[in-house]
Structures are given as C-alpha cells and as structure tokens.
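**Student:** Listed below are the residues making up each chain.
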Amino acid sequence: MHRLSAIVARGLRRTYGGTTALDGIDLDVRPGTVRGLLGPNGAGKTTAVRILTTLLRPTGGRAEVAGFDVVTHPRQVRRSIGLVGQHAAVDEQLTGRQNLELFGRLSRLGAKAARARAAELLERVGLDHAGPVSAYSGGMRRRLDLAAGLILAPSVLFLDEPTTGLDPRSRADLWRAVRELAAGGTTVLLTTQYLEEADQLADRITVVDAGRVVAEGTPGELKARLGGERLVVVVRDAERLAQAAAIVGRATSAAPEVDQDTRRVSAGVGTEGVRVLTAALTALSEAGIEAEDVTLRRPTLDEVFLDLTGGDAR
Amino acid sequence: MTAVPVTEGPLRRLGLALADGWTVARRDLIHWANQPMTVVFGVLFPVMITLAFGYLFGGAVDVPAGADYFAFLMPGMYGMTMLFGLGSTMVAVATDASRGVTDRFRSLPMAPSAVLVGRAVADLLHSVLVLAGMLACGLAVGWRPATLSGALGAAGLLLLLRFALLWAGIYLGLVTRDPGAVTAVQTLEFPIGFLSNAFVAPSTMPGWLGAVAEWNPLSSTVAAARELFGNPGWGGDSWIARNAVPMAVVWPLVITAVFFVLAVRRHQRLDR
Ligand SMILES: Nc1ncnc2c1ncn2[C@@H]1O[C@H](COP(=O)(O)OP(=O)(O)O)[C@@H](O)[C@H]1O
Ligand SMILES: [Mg+2]
Numbered sequence: 301m302h303r304l305s306a307i308v309a310r311g312l313r314r315t316y317g318g319t320t321a322l323d324g325i326d327l328d329v330r331p332g333t334v335r336g337l338l339g340p341n342g343a344g345k346t347t348a349v350r351i352l353t354t355l356l357r358p359t360g361g362r363a364e365v366a367g368f369d370v371v372t373h374p375r376q377v378r379r380s381i382g383l384v385g386q387h388a389a390v391d392e393q394l395t396g397r398q399n400l401e402l403f404g405r406l407s408r409l410g411a412k413a414a415r416a417r418a419a420e421l422l423e424r425v426g427l428d429h430a431g432p433v434s435a436y437s438g439g440m441r442r443r444l445d446l447a448a449g450l451i452l453a454p455s456v457l458f459l460d461e462p463t464t465g466l467d468p469r470s471r472a473d474l475w476r477a478v479r480e481l482a483a484g485g486t487t488v489l490l491t492t493q494y495l496e497e498a499d500q501l502a503d504r505i506t507v508v509d510a511g512r513v514v515a516e517g518t519p520g521e522l523k524a525r526l527g528g529e530r531l532v533v534v535v536r537d538a539e540r541l542a543q544a545a546a547i548v549g550r551a552t553s554a555a556p557e558v559d560q561d562t563r564r565v566s567a568g569v570g571t572e573g574v575r576v577l578t579a580a581l582t583a584l585s586e587a588g589i590e591a592e593d594v595t596l597r598r599p600t601l602d603e604v605f606l607d608l609t610g611g612d613a614r
Numbered sequence: 686m687t688a689v690p691v692t693e694g695p696l697r698r699l700g701l702a703l704a705d706g707w708t709v710a711r712r713d714l715i716h717w718a719n720q721p722m723t724v725v726f727g728v729l730f731p732v733m734i735t736l737a738f739g740y741l742f743g744g745a746v747d748v749p750a751g752a753d754y755f756a757f758l759m760p761g762m763y764g765m766t767m768l769f770g771l772g773s774t775m776v777a778v779a780t781d782a783s784r785g786v787t788d789r790f791r792s793l794p795m796a797p798s799a800v801l802v803g804r805a806v807a808d809l810l811h812s813v814l815v816l817a818g819m820l821a822c823g824l825a826v827g828w829r830p831a832t833l834s835g836a837l838g839a840a841g842l843l844l845l846l847r848f849a850l851l852w853a854g855i856y857l858g859l860v861t862r863d864p865g866a867v868t869a870v871q872t873l874e875f876p877i878g879f880l881s882n883a884f885v886a887p888s889t890m891p892g893w894l895g896a897v898a899e900w901n902p903l904s905s906t907v908a909a910a911r912e913l914f915g916n917p918g919w920g921g922d923s924w925i926a927r928n929a930v931p932m933a934v935v936w937p938l939v940i941t942a943v944f945f946v947l948a949v950r951r952h953q954r955l956d957r
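Protein chains in written order, with the working numbering: chain A, 301 to 614; chain B, 686 to 957.
Treat the hints loosely; a few may be bogus.
Unchecked claim - When the alpha-carbon atoms are kept at most 20 Å apart in a straight line, the in silico SDA-like pairs for lysine to any residue are as follows:
| no. | chain 1 | residue 1 | chain 2 | residue 2 |
| --- | --- | --- | --- | --- |
| 1 | A | K412 | B | L703 |
| 2 | A | K412 | B | P794 |
| 3 | A | K412 | B | L714 |
| 4 | A | K412 | B | A702 |
| 5 | A | K523 | A | D503 |
Unchecked claim - Counterexamples of contact, computed for chain A against chain B with all Cβ distances above 10 Å:
| no. | residue |
| --- | --- |
| 6 | P340 |
| 7 | A510 |
| 8 | L541 |
What the hints assert, rightly or not - Covered stretches of chain B (in silico footprint by chain A; criterion: 3 or more residues with CB under 8 Å from a CB of chain A, positions within the stretch not fixed):
| no. | stretch |
| --- | --- |
| 9 | 703–709 |
| 10 | 713–720 |
| 11 | 786–798 |
Everything labelled a hint here was simulated from the structure, so no lab data went into it.
In this text, a Cβ means the ideal position worked out from N, Cα and C, and glycines have one as well.
Same shape as in the complex, but just chain A:
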C-alpha cells in the first residue's frame, strides 16, 4: 500500500444478499487533496463511504484511512476522520449547540473543551440559531452536520453528497467551506452525482458506476479522454442540416454528430481547432448555409461521464 496515502482501498467489495454494491474498488488519495467520487444513484458511493468510515464491513478487499485498517483498527480510524453523511445526522430535539457539545463530549474532548469547540464551530459555519434543529432549514442542518463532522479537526473528511437538495446559495457556502478545509491541509473525499461539483472541487475524480471504477484522473485528463476539442455548428435552416453535416465532416475528417431538434452538428477536431474551424466556416458560407452559432469547445464532464458509463446516467 502507498505509504503517502490518506485513503487507500484495494479491491473493496460489498454485497447485500444478492446485490453487489461495490465490485472491487481501488483508491489512493494523497493527503491534503480533494477526491471526487462521482457516480449516478446506486453506483455504490455511500457504500464506499460507509466502509471507509468504519460503519460497514467490506465483504472483500481492504482499506486504510489515515494509516489504519478500517476493519482491524476502527477506533484509530474514528479518531482521524469526520463524516458528513447523505442525510443530516443530528438530534432534532437538541439545539445546534447542544448537538455539537454532545458529539464533542463523545469524542472525549471533555466538557469544557467540547463547549468551546461547539462555540467555535457554530461561528465558523455561521449558525447562531437558538432553537431546536427541528426548526432548521435544510441548509442550516447541512451546516450543522458539517460542523459535527469537524469536531475532532479530522485529517480526513468524508462528505457524502453534501449538496444534494441544497439551494444554490447553501451549495456555494459548502463549496467554499470545502475549499477552505482543503487549503488547511484536510484530505477530503466527496461523493457527488454532479459533474460540475466534482469539476469545481476535486483535484482528482474517480468515476464509479455499478460498483466499479470506470475512470480516474484530474478533471482535465477526463475531459481530454474524449479526444480534444469539438466544433459545434448550429444551422439556421433545418432543411440544410444534412448538407452542413457533410461539409463539417469533410473539414474535420471525422464523423459528425447531428441533432435534429437543436439543428446542431458537432465533430471532434483534434488539436487543429482553429484551422478546421476556418475551413468549415468558409465551406459553409460558399454553400450558402447560414450558421446561427459556432463554437469550439472542450467536452463537458457530462459528456465524458455519459461516454464512460455507457450513457444511462443523467
């Protein structure tokens, strides 16, 4: 195993009865980096997080977090990690402060330090609401949950779909918090269904589908996998779409994709983007085809993702 990794997994498997939730996952996350675990619903993200946070035993393979085996040394692992689960795991009948004090005491900080830590974290996540959590909004619960995950100033923080169901503002707040933590040296493993989120936050992304790793790399590397830039032309007159496709195909020497509904023709251009673009535009105008919009762009992570997971995702 890699000595320098904050999280290591080798062949991690988990079955529930007949269902295989994880089908052999390998992970190496370097300390102080943010790893995105990206995958559609049911990919096995939560199962992976639960195993890495000692809540669930793997049925195969092994994993180390902060240098300790999650099965044989769960207690040592728990001293080094923070967990923000998919649903806010806080006591509804306590106030935010009482929740944090409770978790601080149970983290064995002692009563006095637990009180001080609760106050510090409430301020940090911007919660000064006095009432019970049952009266909190979704965003406030998330922030409290995050604070609960930070009680022990963990070296490895797990966030399971932290922004699912949050309004844009709360999501931006959470993203900022993750960036601050990463800047402070915390290793973060974050699961998400949102490509944009992984792109924004993660140093490296591991794409999972049906319990397997289907790709891994930096956001840039994953995008590069689709083969460089793409030329996209939106044709004004739908009647001439086929003709435009033929022209674009000739200019790019690639098989273009045609979308009738949006009158869009697109094709990969390799590294010759600007030259191909000019040639295609000249040929189109010579043929008297009017382009409504022309762009040269790198593929979005959505496209990478659809490509990697066989297209049944979002």
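Chain A is already provided as a structure; the job is to place chain B with the ligands on it using the hints.
**Tutor:** Leaving out everything else, chain B with the ligands in the frame of chain A:
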C-alpha cells in the same frame, strides 16, 4: 486535535465507557428540559387512561369482594405504564437509527456500548418519573399501599419489568429501524394488557385465554405488586398465580437475558 492515549487500562476504559453512557443518557434529559411538555404529556397519558378506566368502567367491572375499584385497578395500571415503555424505547431507538444519529455515534471514537447504556439509563429514569406520577395519581383517587417497604418492593418489581422490556424495545427498534413501524407494536400494547390480570380476572376468560393471561409476564408483576402493596387481587389457585412474587423476578430476568443478548448482538452487527 487532542492527544487521546492509545493504550488505556481496562479500568480507565470502563470509566470512559460509563462516562460516554451517561453523556448519551444526558441527551434525553436535555430533550426533557427543551420540551418539558413532552414529559408532562408522557406522565399525563397513563393518568388519563387510569381515570377513564376508573370512572367510566369502574361500576361495570366485578372487583374482588368488597374492594374499591381503584384499589384494584391502580397496580394494573402501574404495570400497563411499564408496558407502554416498550413502545417509547422502540421509537427512540428507531428514530436515532433512521435519522443517522446512531451512525454518527458509531463514527465517533466513543465506547460503542454507550449508545445502549445511555438509552437504558435515560428510559429507566423516564419510567421512574412516570411511575411517580402514576403513584401520585393513585394516591389522589384513594388508592393506598399498606406498608412503605411493600410499596418500595412493588415499585422495584415494576421497574424490573420495565428494565426487561427496555432491551426488547432496543432490539425491536434496531431491527425495524423505522419509527413508523413502531405504531404496530404500540397498538399491541393494549391487547397484551387486556390479556393479563391487569383489568379483569383471568378466571372469567375462556379457558385457554385465561391460561395465556395468567402466564403473561405482566400478570405476574401486577399480581406481585398487588400482593406487596397490600391491595386486593384475584387470587387464583394455579401454580403461576400462587407464585406471583418470585415469577415477577424470574420473568423479567428471562426477558432481559434473551433480549439483552439479542440487542447487544444486533448493535455490534450494525456493520454487517
Ligand atoms: N442496506 C442495503 N441493503 C440492500 N441493498 C443495498 C443497501 N444499501 C445499498 N444497497 C444497494 O447497493 C447499491 C449501491 O448503493 P449506494 O452505495 O447507496 O449507492 P449510491 O450512494 O452511489 O447511490 C444500490 O444498488 C443499492 O440498492
Ligand atoms: Mg448515496
């Protein structure tokens, strides 16, 4: 952030585990302080049922010769109150499990036993409170224990039953993990109560039903409480009816032995 000693002696570990257990129990005490009305209603609920039974049905039920209905009813209601605890323990455990609070606890470097110890201590304290309210209600409607020592013994047996049901509640709560499903168990509490000697004499029930009622653990506790409080009971010449006091100890110990093991195993295997 803190340097927790990695090697702890067994005594220190026990001390830390007990402290963790108390911290978890204390959470419920904070709930009570936050929502005192919940506690008040928790006490008032059995009181209101008692008054309803006593004043509405009191005239219609045959009571042992010459006895006042409340003198007979109260020990039955004390027993019922302990039985109601089963549902509240289940709700608390299932709520924590379904909301992820149990997982949050399990992800902390605390003693894993504290989750169960805390629940047990908190629920027992709650039952002491509710039983005290019920005893006060009994005194208010004219029920009287014969001796203080007898009364303490009876209260002890009632709480022993509650202690046993606590482990059943923890186990069932961990198994269902769904606070909604608890309603099913709660609706069973009354039939279990009616199938006992709490309200009517088992001898008036059809043969086999009467036998079931007599062997109902609740019946042993209620009969023992009547005996120790010095209140009128149904008597009965079956073996189980004649050995109410020892059986009021044996039944809860058997229930505890079974469900304590089941609950602890279920809790330890939450990661399976
Ligand atoms: N407790 C469980 N019992 C049975 N199947 C489960 C359980 N938890 C998860 N699964 C199954 O395992 C697969 C992965 O689930 P999960 O890890 O929750 O995925 P994700 O978090 O990526 O949505 C899914 O098919 C899910 O139905
Ligand atoms: Mg999930």
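**Student:** Next, verify each hint and record whether it holds.
**Tutor:** So, going through the hints one by one against the coordinates:
1. A:K412 - B:L703: Judged against 20 Å, a Cα distance of about 18 Å means the pair holds.
2. A:K412 - B:P794: holds, 18 Å
3. A:K412 - B:L714: holds, 19 Å
4. A:K412 - B:A702: Holds, at about 19 Å.
5. A:K523 - A:D503: holds, 14 Å
6. P340: holds, 22 Å
7. A510: Holds, since 23 Å exceeds 10 Å.
8. L541: holds, 52 Å
9. 703–709: Holds, because 3 residues of the stretch 703–709 of chain B bring their Cβ atoms closer than 8 Å to Cβ atoms of chain A.
10. 713–720: Coverage by chain A holds for the stretch 713–720 of chain B (4 residues, Cβ < 8 Å).
11. 786–798: holds (count 9)
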